[in-house]
Amino acid sequence: MPANPLGLGRAALSEEIDAWDVAVLPDGTGLPVGSGDVETGDEVFAANCASCHGDFAEGLDSWPVLAGGDNSLTDPRPVKTVGSYWPYLSTVFDYVHRSMPFGSAQTLTPDDTYAITAFLLYSNGIVEDDFVLTNENFTSIVMPNADGFYPDDRAQTEYPLFTGEPCMENCLPGTPQVTKRAIDLKVTPTDADGKPAGTLPVLSDAPAIPAVV
Amino acid sequence: MTDEPNINPSRRTFLRGSAAAGAGLMATAAHAQTADPLITEVQDYASGFGDPVDAAPYGTPISHEAHVVRRNVEWLTESPVSSINFTPIHALEGTITPQGCAFERHHSGAIDMTKQDYRLMINGLVDRPLVFTFEDLMRFPRHITTAFCECAANGGMEWGGAQLEGCQFTQGMIHNMEYTGVMLRDLLAEAGVQTAGKWVYVEGHDASSNGRSIPLEKALDDVMVAFFANGEALRKEHGYPVRLVVPGWEGNMWVKWIRRIAVYDQAVEGREETSKYTDLMPDGRARKWTWVMDAKSVITSPSPQAPIRHGAGPLVITGLAWSGNGRVTRVDVSTDGGNTWAPARISGDAKSKALTRFHHDMNWDGSEMFILSRAVDETGYVQPTKQALRDIRGTNNVYHNNAIQVWWVRADGEVENVEIA
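If you read the protein sequences in the order shown, they are chains A and B.
Residues in the first sequence are numbered from 2 upward in steps of one, following the numbering used here.
Residues in the second sequence are numbered from 2 upward in steps of one, following the numbering used here.
Derived from the structure by calculation, the hints contain no laboratory data.
A short, non-exhaustive set of chain B residues, derived as facing chain A with CB atoms under 10 Å: (1) Glu-79; (2) Leu-138; (3) Ala-263; (4) Glu-273.
Think about it this way: if two alpha-carbon atoms lie no more than 25 Å apart in a straight line, the pair counts; the simulated SDA-like pairs of lysine to any residue are: (5) A:Lys-187 x B:Pro-81; (6) A:Lys-181 x B:Met-282; (7) B:Lys-277 x B:Asp-392; (8) A:Lys-181 x B:Asn-397; (9) B:Lys-116 x B:Asn-231; (10) B:Lys-352 x B:Val-183; (11) B:Lys-237 x B:His-68; (12) A:Lys-196 x B:Asp-413; (13) B:Lys-352 x A:Pro-161.
The C-beta atom is built at its ideal place from N, Cα and C for all residues, glycine as well.
The whole structure should be built from the sequences, with the hints applied where relevant.
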């Protein structure tokens, strides 16, 4: 550590730490005492969550899908949900408790959150409908994609390939051909004249190149 | 604007034979047939008054620059408070991003926090859990750093093809500011990190919290807790009054409105580092903790929002390059789709982990071009093509697209976002 303490700040009180440190780590560190079952979770979810995420956590309109997508991670369009993708149950509890419902976060009690988490496990086919999730049995749940992640390996798999003196001349086997054009999709916001929004204004109506006599 | 390239052979010959870059313009002026009334007639602004000095205590850009604004693309996200907008990099020069048009990315909107209400807590595996006020933070030794903040998703919608029309949209989830603040290591020293502490978890005051885990080595290296950007307080939408600056690393980790720094013995694996900001690979597994943003560049003009309207002759190719792994040492430019490359000029300073401006001056003959730029950083890493990245990662990586961008310059001077093969 580079500096000696300057004596700034004051001691954090335990009730202040409890109010703000609600993080839950994968090993269960940070879990509050409490419990909730699937049936209660279904009710709490219906009241607080289903208007966006659907009655079965399947997602309404373009709101996030929380259940489903099993074995889709190598599909052309993977469906990444709590069940198909998320590695740890701790993240579900932590994120729901702290940041959901969207627009009225931090309104769920620990027991509400246990119940919703149990319901999401049920929606994803991970537990039966009589399951009760508690701070005691929480870490016994292993998510389907728990082994689906590995730390950044670009230093081994990419940097060696992309390092070195690059080609400067005669780099291509033939004449390049256009294979994709954004203009074909027409999904960019446009100005009134149909050009991409924010196109620089025209500065002159004069012919671009006056004839040289 | 002309519909057709207006190049006669004699002019081409003239330009090719001319050593002076300005010769074409001089010839134009010399051949004006009628006197320009903007010169020969006294204009109002040359006779009357302009605005008084009390007209604008805090100025905004002149109205003629109204196109230089942030823009969003509604269909990209389901809600405008958990969404993104884009910096107008097609219209900017140099390296410093004006704060007022620097991109935003929120997960629960841009919150309104006062310096009076502001609190910062340090807790966890520390000797002295602490609470700081904003006033406290202003008493720590200050440091300055200039760094790019690039969203991990910048260019993400281009993984599968060419989709959006303009570098504002395809490369504009980025800004570059000069920050003043205090080093995170100095705040941590105040609390005293215990030997079991290996990770720092930082979260914001907003409802989304945006908690991210940062390994202690990075936290003790160059991470800054910043109050000032480009000379003044942070803008509300950029984390007022306090944000994290994490040089070289993905923008999501630049936690805004930070309220808590916790030291743990393991990563929290929060939502923003499991569900999001993990990068799906072809085998169905995913990379996590892909923190660094690799070397990247883009030609900002000509580009789809900055077509060539001045006809053939001298043409400035200008662009940005950057690397999270250090300093940009070189940028190469190609006008033939990548068959031939020439080094561009680095204009100004090439600072480590900061936007770097390059220029390449050429004489455009009015024919079609595929223009590309390719950054090289001090580690020797050369910016790859999109296909080279897809060969390793497939097309569902979502994040970390640092591929070479291709612009197709048409003979009429219009410019398109394309892929070529």
